[in-house]
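Peer 1: In case you want the letters, here they are:
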Amino acid sequence: MVENRPFLTFVAHAVLIAGVVVVAFPLWVTFVASTLTYEQIANVPMPLWPGDQFLANYGQVLTAGSTKGSAAPVSTMLFNSLVMAVVVAVGKICISIVSAFAVVYFRFPLRRFIFWMIFVTLMLPIEVRIIPTFKVASDLGILDSYLGLTLPLIASATATFLFRQFFMTIPDELAEAARIDGAGPMRFFVDVVLPLSRTNVAALFVILFIFGWNQYLWPLLITGQESMYTVVIGIKRMIVGGDAATEWQLVMATAMLALMPPAAVVILMQKWFVKGLVETEK
Amino acid sequence: MADIRLQGVKKSYTKGILVIHGVDAVIADGEFIVIVGPSGCGKSTLLRMIAGLETITEGEISIGGKVVNQVEPKDRNIAMVFQNYALYPHMSVYDNMSYGLRIRGFSKPDIETRVQRAAKILELGPFLARKPRELSGGQRQRVAMGRAIVREPAAFLFDEPLSNLDAKLRVQMRLEIQKLHRELGTTSIFVTHDQVEAMTLADRMIVMNAGVVEQVGAPMAVYDAPASLFVAGFIGSPAMNFLPGSVRDGRVDVGDGHLIALPQPLLERAPAQVTVGIRPEHLVACAEGDDAFTFPVETIEALGADSMVHGKVGATPLVARVEGHAAPAIGSTARFALMPGRLHFFDTVTGRRLVP
Numbered sequence: 001m002v003e004n005r006p007f008l009t010f011v012a013h014a015v016l017i018a019g020v021v022v023v024a025f026p027l028w029v030t031f032v033a034s035t036l037t038y039e040q041i042a043n044v045p046m047p048l049w050p051g052d053q054f055l056a057n058y059g060q061v062l063t064a065g066s067t068k069g070s071a072a073p074v075s076t077m078l079f080n081s082l083v084m085a086v087v088v089a090v091g092k093i094c095i096s097i098v099s100a101f102a103v104v105y106f107r108f109p110l111r112r113f114i115f116w117m118i119f120v121t122l123m124l125p126i127e128v129r130i131i132p133t134f135k136v137a138s139d140l141g142i143l144d145s146y147l148g149l150t151l152p153l154i155a156s157a158t159a160t161f162l163f164r165q166f167f168m169t170i171p172d173e174l175a176e177a178a179r180i181d182g183a184g185p186m187r188f189f190v191d192v193v194l195p196l197s198r199t200n201v202a203a204l205f206v207i208l209f210i211f212g213w214n215q216y217l218w219p220l221l222i223t224g225q226e227s228m229y230t231v232v233i234g235i236k237r238m239i240v241g242g243d244a245a246t247e248w249q250l251v252m253a254t255a256m257l258a259l260m261p262p263a264a265v266v267i268l269m270q271k272w273f274v275k276g277l278v279e280t281e282k
Numbered sequence: 001m002a003d004i005r006l007q008g009v010k011k012s013y014t015k016g017i018l019v020i021h022g023v024d025a026v027i028a029d030g031e032f033i034v035i036v037g038p039s040g041c042g043k044s045t046l047l048r049m050i051a052g053l054e055t056i057t058e059g060e061i062s063i064g065g066k067v068v069n070q071v072e073p074k075d076r077n078i079a080m081v082f083q084n085y086a087l088y089p090h091m092s093v094y095d096n097m098s099y100g101l102r103i104r105g106f107s108k109p110d111i112e113t114r115v116q117r118a119a120k121i122l123e124l125g126p127f128l129a130r131k132p133r134e135l136s137g138g139q140r141q142r143v144a145m146g147r148a149i150v151r152e153p154a155a156f157l158f159d160e161p162l163s164n165l166d167a168k169l170r171v172q173m174r175l176e177i178q179k180l181h182r183e184l185g186t187t188s189i190f191v192t193h194d195q196v197e198a199m200t201l202a203d204r205m206i207v208m209n210a211g212v213v214e215q216v217g218a219p220m221a222v223y224d225a226p227a228s229l230f231v232a233g234f235i236g237s238p239a240m241n242f243l244p245g246s247v248r249d250g251r252v253d254v255g256d257g258h259l260i261a262l263p264q265p266l267l268e269r270a271p272a273q274v275t276v277g278i279r280p281e282h283l284v285a286c287a288e289g290d291d292a293f294t295f296p297v298e299t300i301e302a303l304g305a306d307s308m309v310h311g312k313v314g315a316t317p318l319v320a321r322v323e324g325h326a327a328p329a330i331g332s333t334a335r336f337a338l339m340p341g342r343l344h345f346f347d348t349v350t351g352r353r354l355v356p
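Protein sequence lines correspond, in order, to chains A and B.
Just so you know, our numbering puts 82 at position 82 of the first sequence, and the rest follows in order with no gaps.
Just so you know, our numbering puts 300 at position 300 of the second sequence, and the rest follows in order with no gaps.
Keep in mind the hints are simulated off the structure, nothing from the lab.
All figures in this text were calculated on a predicted structure; none of them were measured in a lab.
Calculated lysine to aspartate or glutamate pairs in the EDC-like style (CA-CA distance at most 20 Å, straight line): (1) B:K74 to A:D191; (2) B:K179 to B:E31; (3) B:K66 to B:D3; (4) B:K108 to A:D191; (5) B:K131 to A:E173; (6) B:K131 to B:E112; (7) B:K10 to B:E60; (8) A:K275 to B:E134; (9) B:K74 to A:E173; (10) B:K131 to A:D191; (11) B:K74 to A:E176; (12) B:K179 to B:E152; (13) B:K74 to A:D172; (14) B:K108 to B:E152.
Chain A on its own, in the form it takes in the complex (with noise of 0.2 Å):
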C-alpha cells in the first residue's frame, strides 16, 4: 500500500497534472488555431485564445474543403472514415471470435498448426505485405471502392489471439454442461460464448475503430479519387508545399473533426472497455 502522505500527494498530483498539460496543451492549440483567420495564426506568437472564425472555418471544410490541395468536403472524407473503421472493426471481431472459437472448440486436423500459422502473421508489419497486398486488390478491381478500403484489412492475428486467451479462460464444464444440455455448437457460440465476450468485444470494437480510423499507408494507396479519401489523408493532402500555401485554421479544423469520432467511442465505451481488459467474468 501507498501510505497517505501530504507531500506524496502533492507530487502524484504534480506529476499528474504535468502529464495533462503536455498531453492537452497541443490539443488546445489545435483548436485554437481552427477559430482563427489564417492572418491571425501567421503572426508570431499565435494566440492562445479562440477568435471568431469558429463557424466559418467548420462550415467551409465541412461542406467545401479547402481551396488548396485537396478540394473534397471534409463531411464526404468523415464518412468514408467512419464506414471504413465501423466496417474494418465489425469485419475483424466477426472473423476473428469465429476462428478463435474454431481454434479453441473444435478438434480439427493440424488445428495447433493453423493456430501458429495465424499467430505467425501477427509478426509481418502491413508494410510487409502492402505490396502483393495491393496487386491483389488491384486485380480483384477494388481500388477506390469501399470493398477495397476494408477488405484487405479485415484479417486479424491479434483479435483472434486475443479472443483464443479468452476462450481458454472459460471453464471447459460450462461447454459440457452445454453439451449435456443438448446445445450443438453454434447454438453453444450463440448462447454462452458470445454473452460472455460481451466486454472484451467491446473492448477490442474501441481500439480496432481507432486502428481502422488511424489508417494512413492503405487508404493513400488504394484510394485515387478525392472522393474516396479518408480524413486522415484528407489532413496530408490540405497541407500544400510550403507553409505560406497552406490553409491552416482549415487544417486544424479539420484535425479536430478527425479527432471527434474516435474520441467520442472512447467516452461512450469507456465503461466497457475498461470492464473487458481488467474484468474475466465467470
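Mind docking chain B on chain A? Use the hints.
Peer 2: For chain B alone, coordinates are given in the frame of chain A:
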C-alpha cells in the same frame, strides 16, 4: 429411470496406457451408487464416460438397456452436476435451469411448471431472477442440481459436487442430496474422494484405485470386510491400523514379541507374509493381559466425543479410538487389547483379503 451397465469398460489416452482397466458394474434402477477413490484413480473419467464426455476405448456402457457407446451426451438422457457447478454466468437462475428444456423444445407452460417444481424442492423460489454470481456456494450448488432435476433424466451423475463447499455446508448438502434421492428415486452415480460422503450417501459404493475397481458393496459391508489393504486403509477415519508380520506356527509375528493367532480356516493356507488390520475403535483399553499391546502415548487428538491415541508398536504406528475424556496422558504407557473377531487378515504381497 433406468439401470446402467458397464461391461469391461477401458480407457486409454495414449495408446497402450490404460487409465481404466476394465470396469464391470451393474447399477440397478433407482440405486444411489458412489464411486470413491483417491485423486487420479479414474473415478471422474469413468463418470465422464458414462456421461458421454469421454470416448470409451473398449467395452460397453448401456443405459436403460440401450448401448450408448456412440450416443451423444444429450441423447443419453442423463443430467450431470459438476464440481464447479458450471452455471451459465450470464443467465438468471431460471434461465440456467430451463436452458436444456428450451433447447429440447418444451412448451413455455411446461418449462414453467417444471422449473417451479424444482425450485420448490430445492427452496430456490426467491432466487429465480438472480444471476449465479449473486448466490452463495450452496445456492449455486442447488441451482446446478435444479438444472438436472428439471430434465427428469434417467440418471443423475454427480462429479464431486460438494468439494467446493465449506465443511458445514457440505454436511447440509449431503443430507439434501439424500432427501432428494428419496423423493425422486432417480438412479444416481456420485463421484467423490471423500469416504464420509461415500459411506453416508451410498446404497452401494464402488471403491476404485489406479483405474481398477477394488471392491463393490454396501457401505457397511465394505467397512466390515474390506477386500484389500487399499480399501481397508481408504474407508474409515482414522484409517485402519496395519501390523505386517510373518507367519510362524499359525501365528503372525508382528514384532515386539506380539503374536496374533490366525483364525482356524486360515491356518492351512496362509501365505508367509500376512498383514493384520484392526480399526482404531476395535482396540480396547485393558488393565492386564498377555495379548495386550503396550506402547508409550505419543500424541492425543481430542475430537470431543472421541480421542485418538497415537503410538508405535515397534516401527508400526498405531491409533486407538477411546471415549473423549478417557484419553491417557501423553508419555504414559497405554495398554490395549485387540477386540476378538474384529481382526482383518491380508496377504502382504498381493494386498488381498484372506477370507476365513
